[in-house]
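Visitor: Keeping the supplied structure of chain A fixed, place chain B upon it in accordance with the hints.
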Amino acid sequence: MPAFALYGLFLVVPLVTAFYYGLFQWDGTRQAGFVGIGNYQEIFTRYPLRDEIPAALGHNVLFFVGTMAIQNTIGLGLALLLHRNPRGKRLFQTLFSLPYLISPLIVGYIWSLLLSPTFGPINFALRAVGLDAWARPWLGEPDLALPVLILVNAWQWIGGPMLIFGAALGGIPQELEEAAAMDGASATRAFWSIRFPLLMPAVGVITVLTFIGCFNIFDLVYALGGSDGGPGGAMDVLGLLYYRTAFQGGSNAIGESSALAMLIFVLIFGVSLALERALRRREVH
Amino acid sequence: MDTLRAAPRTASKARAESPPPRGTRQRSLLRTAGGQLILWAYAAVAFGPLLLVLIGSLRPNAEILRAPVGMPSSFDLSNYTRAWQTASISTYFVNSLVVTCASVALCVSVSAMAAYALSRWKFRGRALLAAFFLSGLMIPAKLGLLPVFYMFQSMGLIDSRIGLVLLYAASGIPFSVFVIMGFMRGLPGELEEAARIDGAHEGRLFVSIVLPLMRPALAVATVFQFAPTWNDFFYPLVLLRSGDKYTIPVGLTRFFGEFAADRGTLFAGLVIALVPLAVVFALATKQIVAGLTAGMSR
Numbered sequence: 028m029p030a031f032a033l034y035g036l037f038l039v040v041p042l043v044t045a046f047y048y049g050l051f052q053w054d055g056t057r058q059a060g061f062v063g064i065g066n067y068q069e070i071f072t073r074y075p076l077r078d079e080i081p082a083a084l085g086h087n088v089l090f091f092v093g094t095m096a097i098q099n100t101i102g103l104g105l106a107l108l109l110h111r112n113p114r115g116k117r118l119f120q121t122l123f124s125l126p127y128l129i130s131p132l133i134v135g136y137i138w139s140l141l142l143s144p145t146f147g148p149i150n151f152a153l154r155a156v157g158l159d160a161w162a163r164p165w166l167g168e169p170d171l172a173l174p175v176l177i178l179v180n181a182w183q184w185i186g187g188p189m190l191i192f193g194a195a196l197g198g199i200p201q202e203l204e205e206a207a208a209m210d211g212a213s214a215t216r217a218f219w220s221i222r223f224p225l226l227m228p229a230v231g232v233i234t235v236l237t238f239i240g241c242f243n244i245f246d247l248v249y250a251l252g253g254s255d256g257g258p259g260g261a262m263d264v265l266g267l268l269y270y271r272t273a274f275q276g277g278s279n280a281i282g283e284s285s286a287l288a289m290l291i292f293v294l295i296f297g298v299s300l301a302l303e304r305a306l307r308r309r310e311v312h
Numbered sequence: 128m129d130t131l132r133a134a135p136r137t138a139s140k141a142r143a144e145s146p147p148p149r150g151t152r153q154r155s156l157l158r159t160a161g162g163q164l165i166l167w168a169y170a171a172v173a174f175g176p177l178l179l180v181l182i183g184s185l186r187p188n189a190e191i192l193r194a195p196v197g198m199p200s201s202f203d204l205s206n207y208t209r210a211w212q213t214a215s216i217s218t219y220f221v222n223s224l225v226v227t228c229a230s231v232a233l234c235v236s237v238s239a240m241a242a243y244a245l246s247r248w249k250f251r252g253r254a255l256l257a258a259f260f261l262s263g264l265m266i267p268a269k270l271g272l273l274p275v276f277y278m279f280q281s282m283g284l285i286d287s288r289i290g291l292v293l294l295y296a297a298s299g300i301p302f303s304v305f306v307i308m309g310f311m312r313g314l315p316g317e318l319e320e321a322a323r324i325d326g327a328h329e330g331r332l333f334v335s336i337v338l339p340l341m342r343p344a345l346a347v348a349t350v351f352q353f354a355p356t357w358n359d360f361f362y363p364l365v366l367l368r369s370g371d372k373y374t375i376p377v378g379l380t381r382f383f384g385e386f387a388a389d390r391g392t393l394f395a396g397l398v399i400a401l402v403p404l405a406v407v408f409a410l411a412t413k414q415i416v417a418g419l420t421a422g423m424s425r
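These protein sequence lines are chains A and B, in that order. First residue of the first sequence? That's 28 in the numbering used here, and the numbers climb one at a time after it. First residue of the second sequence? That's 128 in the numbering used here, and the numbers climb one at a time after it.
Note that these hints are calculated values from the structure, not bench results. Predicted model, so just to flag it, every value in this text is computed and none were measured. Among the hints, a few may not be true.
Restraint ranges, calculated between C-beta atoms of paired labels, are given here [what the hints assert, rightly or not]:
id, chain 1, residue 1, chain 2, residue 2, range
1, A, PRO144, B, LEU338, 53 to 63 Å
2, B, PHE174, A, PRO174, 21 to 31 Å
3, A, ALA214, B, VAL334, 24 to 34 Å
4, A, GLN201, B, ARG323, 44 to 54 Å
5, A, ALA305, B, LEU338, 37 to 47 Å
6, A, GLY197, B, LEU340, 25 to 35 Å
7, A, PRO144, B, LEU261, 42 to 52 Å
8, A, GLN201, B, ARG251, 38 to 48 Å
Backbone N, C-alpha and C define an ideal beta-carbon position, used for all residues, glycine too.
Okay, chain A solo, but in the shape it has when bound (with noise of 0.2 Å):
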């Protein structure tokens, strides 16, 4: 079955390759001597890896948060506006899904563009109504950085939640939604106890897509901030660190970036396989 032998070959054995390698001591690419979890206690104690591992996992936490409630409040606002207005359905979805196509990498380099300080768009038009002052380096602030990177990144993905909660408001049976009428439910009371709960399917959907998406980010961040993550690592990621670490690191770079890759792929695989266990639990059937 060439499938099962292409597959196994590029996309598990590395995988088994990986942890293999995360157990040994490396010097430059050879193996010197079996160290067990020694690589792991390493990444952990020593400078900068120590103090760059927590900084870029919390910047995926609160860009998966951030993405979560922006992206996914949105999405799920225009799949309702949609639901209710069906005129020209189509070629709004078909719009709001658009940026979806677009290399990560590519949209990072429209969007560094357009807000760049002296010659983006965003500060000419800015400035050209009035509001200097709000006008300023969007991606060379630390404090700035990481909030443009989140809304950047809604901005590419939201016609998937769009879709996702689209076809499941498609799929409420009129009948239910005609009863809560005719009981006297106002607009929000009936959104809130029909069909918010039989959303449940496509919010479980979504958060484990997202969840998997904010933490395997590294192209828009890449375009936007460089290797480095921006100001001051301001957008530092895990996706990067592990590159970084991987091609730029020391003597020991394939022991500790293969630990670093071993740790990344229980976080990824482990919390949405959680995440899709305690979702379906809550689901109403």
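Guide: Here is chain B on its own, set in the frame of chain A:
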């Protein structure tokens, strides 16, 4: 507190129970108009940045630096010729096209065989094998990059486009198998049985009966394999060395370094990088929306 909250609720209840007052129609009209307005506003947010890039690519650099927003003063394609020739976007473009097409073809054909075998043949461990393939949907494959790097080094595949093709084909297999298997489940097996009774052997059966039947699923798999492969940045960043083998995404990082001050050319380069995606999108919008909703809501 409670009274505050209760008041609007009773009010709305009264409104719903009494016969529809004269204002309702107007209000719902107003609401529709408001909804349309928000939708158009977000459409501007979603599409505006792309429009700015497109307009920027048609303006001379000096003009952009003077006024970042504005219409092109004349129709001028010199940014494109500069990006295409001087900045060697053409080389990156051709590399991307070759790598993407080859890997998509390889991925979809092996996935079709695997999905067919998994959904039609009865053999031991079938469920386990299917689960093994599908687990790839959740695995962050990029974390295996370092072993891939050393494996490629020993196989002589570093700085080689063939290596990339194999890697992309492999990483697309889980999704393609998932889509094609889902489709096969809805197909009756009678045609295959009839062909088998007529004496067709397995290879013949697959090529002339199964593949044509699978076509819609193959189209979805192709579209969904094309965009991520065209867009991928991480693998070529690590696995390619020489500039003449760069694909578009890595090429762009170099291009952005070289032409940092030349806004017009940068915009043109970005537009060129987006063209194949636009073409695929235009050809396959229906499959994309169908595939997104089917693939993601399960």
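Visitor: For a quick check of understanding: which of the numbered hints are violated here, in increasing order?
Guide: 3
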